[in-house]
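Number of protein chains: 2
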Amino acid sequence: MKIVCQTSDLLTGVNTVLKAVPVRTTMPILYCVLIDSTTDTIYFTANDTELGIKTKVLGQVEEGGIIAINAQIFSDIIHKLPQGQVTIESDINDVVKITCEKALFEINGQNGVEFVGLPEVSKEHSITLSQFNLKELIRQTLFATANVETNKLMTGEYFEIKDGRFKIVALDGHRIAIRQTSLEGAFDEGDMIVPGKTLSEILKILPDDAEKTVSLYFTDNHIAFEFNETFVISRLIEGSYFKIDKMISNDYTTKIQINRKQFSECLDRSTLLRKSGNDKPIILSISDGNLNLKVSSPLGKMDEDIEVSKEGKNLVIGFNPDFLIDIMRAVDDEEVTMFFTTPQSPCFIRDEDARYIYLVLPIAITEGNY
Amino acid sequence: MKIVCQTSDLLTGVNTVLKAVPVRTTMPILYCVLIDSTTDTIYFTANDTELGIKTKVLGQVEEGGIIAINAQIFSDIIHKLPQGQVTIESDINDVVKITCEKALFEINGQNGVEFVGLPEVSKEHSITLSQFNLKELIRQTLFATANVETNKLMTGEYFEIKDGRFKIVALDGHRIAIRQTSLEGAFDEGDMIVPGKTLSEILKILPDDAEKTVSLYFTDNHIAFEFNETFVISRLIEGSYFKIDKMISNDYTTKIQINRKQFSECLDRSTLLRKSGNDKPIILSISDGNLNLKVSSPLGKMDEDIEVSKEGKNLVIGFNPDFLIDIMRAVDDEEVTMFFTTPQSPCFIRDEDARYIYLVLPIAITEGNY
Numbered sequence: 002m003k004i005v006c007q008t009s010d011l012l013t014g015v016n017t018v019l020k021a022v023p024v025r026t027t028m029p030i031l032y033c034v035l036i037d038s039t040t041d042t043i044y045f046t047a048n049d050t051e052l053g054i055k056t057k058v059l060g061q062v063e064e065g066g067i068i069a070i071n072a073q074i075f076s077d078i079i080h081k082l083p084q085g086q087v088t089i090e091s092d093i094n095d096v097v098k099i100t101c102e103k104a105l106f107e108i109n110g111q112n113g114v115e116f117v118g119l120p121e122v123s124k125e126h127s128i129t130l131s132q133f134n135l136k137e138l139i140r141q142t143l144f145a146t147a148n149v150e151t152n153k154l155m156t157g158e159y160f161e162i163k164d165g166r167f168k169i170v171a172l173d174g175h176r177i178a179i180r181q182t183s184l185e186g187a188f189d190e191g192d193m194i195v196p197g198k199t200l201s202e203i204l205k206i207l208p209d210d211a212e213k214t215v216s217l218y219f220t221d222n223h224i225a226f227e228f229n230e231t232f233v234i235s236r237l238i239e240g241s242y243f244k245i246d247k248m249i250s251n252d253y254t255t256k257i258q259i260n261r262k263q264f265s266e267c268l269d270r271s272t273l274l275r276k277s278g279n280d281k282p283i284i285l286s287i288s289d290g291n292l293n294l295k296v297s298s299p300l301g302k303m304d305e306d307i308e309v310s311k312e313g314k315n316l317v318i319g320f321n322p323d324f325l326i327d328i329m330r331a332v333d334d335e336e337v338t339m340f341f342t343t344p345q346s347p348c349f350i351r352d353e354d355a356r357y358i359y360l361v362l363p364i365a366i367t368e369g370n371y
Numbered sequence: 002m003k004i005v006c007q008t009s010d011l012l013t014g015v016n017t018v019l020k021a022v023p024v025r026t027t028m029p030i031l032y033c034v035l036i037d038s039t040t041d042t043i044y045f046t047a048n049d050t051e052l053g054i055k056t057k058v059l060g061q062v063e064e065g066g067i068i069a070i071n072a073q074i075f076s077d078i079i080h081k082l083p084q085g086q087v088t089i090e091s092d093i094n095d096v097v098k099i100t101c102e103k104a105l106f107e108i109n110g111q112n113g114v115e116f117v118g119l120p121e122v123s124k125e126h127s128i129t130l131s132q133f134n135l136k137e138l139i140r141q142t143l144f145a146t147a148n149v150e151t152n153k154l155m156t157g158e159y160f161e162i163k164d165g166r167f168k169i170v171a172l173d174g175h176r177i178a179i180r181q182t183s184l185e186g187a188f189d190e191g192d193m194i195v196p197g198k199t200l201s202e203i204l205k206i207l208p209d210d211a212e213k214t215v216s217l218y219f220t221d222n223h224i225a226f227e228f229n230e231t232f233v234i235s236r237l238i239e240g241s242y243f244k245i246d247k248m249i250s251n252d253y254t255t256k257i258q259i260n261r262k263q264f265s266e267c268l269d270r271s272t273l274l275r276k277s278g279n280d281k282p283i284i285l286s287i288s289d290g291n292l293n294l295k296v297s298s299p300l301g302k303m304d305e306d307i308e309v310s311k312e313g314k315n316l317v318i319g320f321n322p323d324f325l326i327d328i329m330r331a332v333d334d335e336e337v338t339m340f341f342t343t344p345q346s347p348c349f350i351r352d353e354d355a356r357y358i359y360l361v362l363p364i365a366i367t368e369g370n371y
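Note that the protein sequences, when read in sequence, are chains H and Y.
So in my numbering, spot 166 of the first sequence is number 167, and the numbers just go up one at a time.
So in my numbering, spot 292 of the second sequence is number 293, and the numbers just go up one at a time.
Simulated from the structure, these hints should not be mistaken for laboratory data.
Source: prediction; values computed, not measured.
Treat the hints with care, since some could be wrong.
No copy is singled out in the list; a pair is fine if it fits within one copy or between any two copies.
Said to hold, decoys possible - Distance condition first, Cα-Cα at most 25 Å in a straight line; then the derived DSS-like pairs of lysine-lysine: (1) K302 - K81; (2) K103 - K256; (3) K302 - K3; (4) K302 - K98; (5) K98 - K276; (6) K295 - K103; (7) K103 - K198; (8) K256 - K295; (9) K244 - K198; (10) K295 - K20; (11) K103 - K314; (12) K103 - K276; (13) K57 - K3.
With the sequences and hints as input, model every part of the structure.
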């Protein structure tokens, strides 16, 4: 095999697929990037068997072929090469020569045919939306998935395509994040649970371009994302997702509207006093026109007031401030509206157009918390 | 005590002294920043008993006094406060109230009189140079000090003031770095060994302003740096420094002049193949007009040529590339000159004006290295 590419194109290609190289695997060939130029087009592929990425790399194919190269070494070399034309050449012993100007690297590759290729994903069922839109939907919900594998379903996000709308749901037992967007055109309905890890890699490699689109294809076992000549293919999580609709309520007895920036900064300050290993909730006291926030810990006390507009009853309720901070980061409105019923009931944060709904469970306020 | 300052001035102050707060100490009071406003001027002080920093903070003293506050908590709070006017107030129980707009923090301080003050350093012996100049001298030599405490002298830098010149020397047994500058005016002569840790903190807090000056005061046991109303006071390392002059030679049989950027980038690339735990030297083969660089390791091979201008004999010599990389970072000339004698003798890198001399020991080339 012999290909000639620009350093910058190689960099883009290797950075894209690197996300699918496993940290640990029992199949050493998967530590490699596969370079495939048999079809006169250059593709880089990496695959950890849960998640696979294939991307087209610009360049000239001088001799078609296929070779697998240790992804980390290959990436390190490409990152340190000067800008310019790079020749990558492999011989029958799978020795790879990488030449750029007067620099020559020689490393041992592996036979490309041993590489585990990506599964075929039928394009029968699909939706298309803007890259920016998908990226925001994921960013604004992914924080609410669980990191620990105690409940596999909670580590993924629920995708639902129904009635011309695309909805994403994440929950971890303490909070729920729901975002939805309208789809343009007619689409097949469907639902699936996508691993959180896949989505966190998508966040890293998907550009936030509002003009360009990304297509999602889904089968019973896989989802594929296609954008800018890159395919990301992931297994789905098996099982039935939680019945979200039963957890969401529109009732409330207290409603406040608050400046998001002020609220965020205050919540952020309150975390200073939560480093003692004896974490106390932040206590929100809602009265006419005012939200008072208090934290008391062995390290000290914080007390702060924020002007709000309020409807309904006064209320005192406690929260883990980190959960509220995550939501404030995921919302981009200047003012947010919060709905409460009792100190034991969830708080809802949602907008009028139902673009988003966030739910957070409160923390019981005891004598010791105050 | 009651003082009123701007958030930004508090930030500058706390960031400056934080470098002298110990990570671990048997004297808990030293985890604090001392705020002293007894003289109608506000000073922050921190002191780990080896290194102490005292800095003036702008602000109004409404009630003079002295209080010690846990440095980490105080710094965290200041960093999270909004921009604006901050009031810091302590009562007779050493409870500290920090107020900024509608935010109030209340934390427990400690009695300021328990704090270990900085030693007095006589200003009898001193030199003055530009902040930029001192910072560069330190940056360009500090890498050559030893990190491990097996030889205490090697962890410090040797400062020599003699014949109107200020010279800094660092060495770690594999290499030597020497930088010197002329002093303007008449100065007392002297020499001392300054702890590397002190100098690395100085690098962080000394601005690189060529217009402003820094003064150094030295006694038998201490050195003090004074700049921008900040004092940094450090103990000296006791002992006699190495006889440097005997290690430096002006003889050579091979001399090359090389483009620093090209050489640096090539050395940088060569480190890629040194991650196998079986590190091989980089082999420099010097011939007329050409420097060939080769590395061979279990991971692969690198081979590269750089054009040089050469005088004297051909030579093949091996080095730890990291040592050469450090020197190339410390030199700012576009072209550097390297002097060699035999494959077993040190290589010297120096300029014509003797502003700098760097020495590196080679690594023996054996069959296995090639």
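*Evaluate K98 and K276 at a C-alpha cut-off of 25 Å and name the case that applies: within, between, both or neither.*
between (53 Å within a copy, 19 Å between copies)
*25 Å Cα cut-off: does K57 pair with K3 within a copy, between copies, both or neither?*
within (16 Å within a copy, 65 Å between copies)
*What label fits K256 with K295 when the C-alpha limit is 25 Å: within, between, both, or neither?*
within (19 Å within a copy, 71 Å between copies)
_My question is about K295 and K103: at a cut-off of 25 Å on alpha-carbon distance, are they close within one copy, between copies, both, or neither?_
between (65 Å within a copy, 12 Å between copies)
*Between the shortest in-copy and the shortest cross-copy C-alpha distance, which are at most 25 Å for K103 and K276: within, between, both, or neither?*
between (54 Å within a copy, 23 Å between copies)
*Indicate which option fits the pair K244, K198 if close means a Cα-Cα distance not exceeding 25 Å: within, between, both or neither.*
within (23 Å within a copy, 59 Å between copies)
*asked:* Cα distance capped at 25 Å. Does K295 pair with K20 within a copy, between copies, both, or neither?
replied: So K295 and K20 fail the 25 Å test inside a copy (42 Å) and across (32 Å) alike.
*From the Cα coordinates, with 25 Å as the cut-off, is the pair K302 and K81 best called within, between, both, or neither?*
between (51 Å within a copy, 15 Å between copies)
*Should K103 paired with K256 be assigned to within, between, both, or neither, using CA atoms and 25 Å as the limit?*
between (69 Å within a copy, 22 Å between copies)
*Tell me, please, which holds for K103 and K314 at an alpha-carbon limit of 25 Å: within, between, both or neither?*
Between copies only: 24 Å across chains, 76 Å inside a chain, cut-off 25 Å.
*asked:* I want to check one pair: K103 and K198. Are their C-alpha atoms no more than 25 Å apart within a copy, between two copies, both, or neither?
replied: neither (40 Å within a copy, 41 Å between copies)
*Since the copies are identical, ignore which copy is meant and state whether K302 and K3 lie within 25 Å (CA to CA) inside a copy, between copies, both or neither.*
between (67 Å within a copy, 19 Å between copies)
The earlier numbered hints that this structure contradicts are 7, 10.
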